[in-house]
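Those protein sequence lines, which keep their order, are chains A and B.
Counting in my numbering, the first sequence runs from 1 upward without gaps.
Counting in my numbering, the second sequence runs from 1 upward without gaps.
Mixed in with the good hints there might be a few duds.
[Unchecked claim] The calculated lysine to aspartate or glutamate pairs, modelled on EDC-like cross-linking and capped at a C-alpha distance of 20 Å, are:
1. B:K248 <-> A:E221
2. B:K242 <-> A:D303
3. B:K50 <-> B:E181
4. B:K248 <-> A:E217
5. B:K248 <-> A:E313
6. A:K297 <-> B:E224
[To be verified] Quick look at which bits of chain B chain A covers, simulated, 3 or more residues with Cβ under 8 Å:
7. 120 to 130
8. 209 to 217
[Claimed, not checked] Derived list of chain B stretches under chain A, where covered just means 3 residues or more per stretch with a C-beta under 8 Å from a C-beta of chain A:
9. 150 to 162
10. 235 to 243
None of these hints come from the bench; they were simulated from the model.
The model shown is predicted, which means the values in this text are computed figures rather than measured ones.
Even for Gly, the Cβ is constructed at its ideal location relative to N, Cα and C.
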Amino acid sequence: MSQDIFVIIEHLRGRVADISYVMLAAARVLAGGVGGKVVAVLLGSEADGLAADLAADRVLYVEHPALADFTSDAYQRVLEGLIRDNAPCAILFGDTSIGGDVAPWLSARLAVPLVSYCRSITAEGKFVSQICGGKIMAEGDLPGPTALVTMVPGGFKPEQGKSAQPPEVVRVSPPALEGLRVAVKNYIEPATGDVDIAREPILVAVGRGIQNQDNIEIAEELAKAFGGVVCASRPVVDQGWLPATRLVGKSGKSVKPKLYLALGISGAPEHAEGIGDSEMIVAVNMDPAAPIFDVAKYGTTVDLFELVPALTEQVQQAKGG
Amino acid sequence: MNIVVAIKLVPDLVEELAIDETGTALDATFLRLIINELDNHAIEQAILSKEHSGGQVTIVAPDVEGADDVLYAAAARGADRLIKLAGDWGGVNNHAMAHALAAVLKTAQPQLVLTGVQAHNDLDGAVGPQLAELLGMPYIGYVSGVSLSGDKAMVRKEYPGGLIAQVEVTLPAVLGIQAAEKPPRYVPISKVRQVMKTTKIEEQPAAELESIGGATVSRMFRPEAGERATMLEGEVDEVAAKLVAIFKEHGVL
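Based on the sequences and whatever the hints tell you, model everything.
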């Protein structure tokens with residue numbers, strides 16, 4: 001049993017994901033409290049260069065052609081062995097398309113408890129998780145002697161997990177990776193639509209509160225008055241009311257407009273993740289407890305179907321005058 | 001193709017959530033349970049796959065309040081077999097649920113198991129990957145499209161920024177669905193009523209529900225209102241005027 005903290009580095013097509021640095025920052029805090037080392041675990045093929053800016057005491061690097069792309073099957077096998085051999089006290093994953101495929105599997109496999117949706121960790125070993133779409137926080141002690149954790153962004157800044165000093169890299173032999181049942185065939189690039197919402201200075205965003213496809217028209221009108229464009233949260237895109245190119249959040253684009261006007265968006269963490277770099281967020285939602293008001297600068301609970309036409313008119317006047 | 005969809009019901013976030021007197025859990029008294037939204041997409045994906053490739057769709061749900069309605073609605077959309085797992089589901093975590101589902105699925109022997117990739121109250125990790133481990137099947141999550149051919153499936157796996165990986169998986173497998181290829185279909189209540197007369201919900205006892213494998217919550221609370229938004233009050237026209245003033249000051253008008 002060691003007091004080391006494992007951070008499973010997430011990377012995709014040659015780039016380390018920001019969540020990896022967030023996890024390293026959390027691991028530093030926890031390691032400071034328990035007196036262990038921060039060990040970054042990097043799996044890949046010709047990927048050791050990605051270790052250069054990781055704020056870790058040591059990097060365990062596992063190289064294998066089958067690790068060139070993320071697959072749950074290969075990652076599960078490699079990590080199961082590493083955890084059994086090294087017995088760290090905590091193993092941090094992203095609550096993402098990578099960590100989410102692996103951490104719960106390992107929890108069942110190794111009978112090691114798992115804490116998900118974790119937003120912050122303290123030196124004393126406390127976790128705070130963000131559940132119920134960001135409406136409720138759950139706090140407790142990380143289970144022992146070993147805990148698996150999946151982390152969401154927001155509690156630490158990625159910069160806190162970067163270092164100018166390259167860490168020591170230790171190569172570890174991979175286990176046999178034969179008979180894998182999962183294989184990446186190819187990638188499909190994000191569709192380049194009519195507009196790139198990541199570059200637009202004014203975004204009018206619609207969420208579930210817009211109720212139906214026809215109502216998107218009023219948001220379009222408002223966006224037009226501003227000279228901005230309409231974007232959306234996941235439920236709107238899943239309903240097919242707007243194309244995937246307009247999706248903001250964890251599975252869509254991260255945006256950084258001067259104004260992000262959120263109409264009928266609750267502000268679940270998956271959405272909030274994509275709007276943190278906005279200069280100003282203004283939210284319209286009839287639920288005063290909606291988490292969107294925690295990230296917005298200004299908010300109102302008036303009915304969006306009454307407000308938007310009135311606002312459109314006033315914006316048109318302001319533009320005209 | 002034998003497809004099983006494992007679903008769960010979760011608190012409806014539209015309703016106000018209260019924390020109970022222990023301060024460590026949600027107050028169940030006034031909770032309204034609805035189907036986990038992504039499980040609803042998993043049902044839709046199963047029915048789409050059946051329509052495309054044939055087979056049978058079985059839905060498995062814990063026997064909690066509201067489960068019958070959810071199951072009958074699934075049948076009205078095209079599911080063939082409905083199973084509810086009887087047991088004391090109060091405070092049961094996903095580890096226990098995965099064990100209960102695994103016990104059922106070992107006898108059902110599906111080629112494809114679908115679940116929603118996550119639920120908003122998954123404090124101990126999603127059900128899907130745990131279930132996959134217990135069944136010895138591969139798992140792929142964040143899936144937004146499935147096409148079946150023989151003993152393989154090609155799935156669309158989502159990554160941040162809109163990137164999609166086309167991933168091939170050998171069946172049987174468990175998939176965590178982020179979105180069905182088409183939005184979940186609507187069925188009129190009259191059709192659900194009709195189905196209630198012709199479709200039976202099979203009741204099976206759940207295996208022992210032992211909620212280990214998670215953390216103990218010592219405190220549950222609402223997010224602290226640190227820098228909460230400045231709320232604009234008044235009639236609609238007043239709020240609109242205040243917003244226009246803010247926009248002007250901010251230089252976007």
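These are the hints, each one checked on the structure:
no. : hint              : result
1   : B:K248 <-> A:E221 : 19 Å, holds
2   : B:K242 <-> A:D303 : 16 Å, holds
3   : B:K50 <-> B:E181  : 13 Å, holds
4   : B:K248 <-> A:E217 : 24 Å, violated
5   : B:K248 <-> A:E313 : 15 Å, holds
6   : A:K297 <-> B:E224 : 16 Å, holds
7   : 120 to 130        : holds (count 11)
8   : 209 to 217        : holds (count 6)
9   : 150 to 162        : holds (count 8)
10  : 235 to 243        : holds (count 6)
Hint 4 from the list above is the single one not met by this structure.
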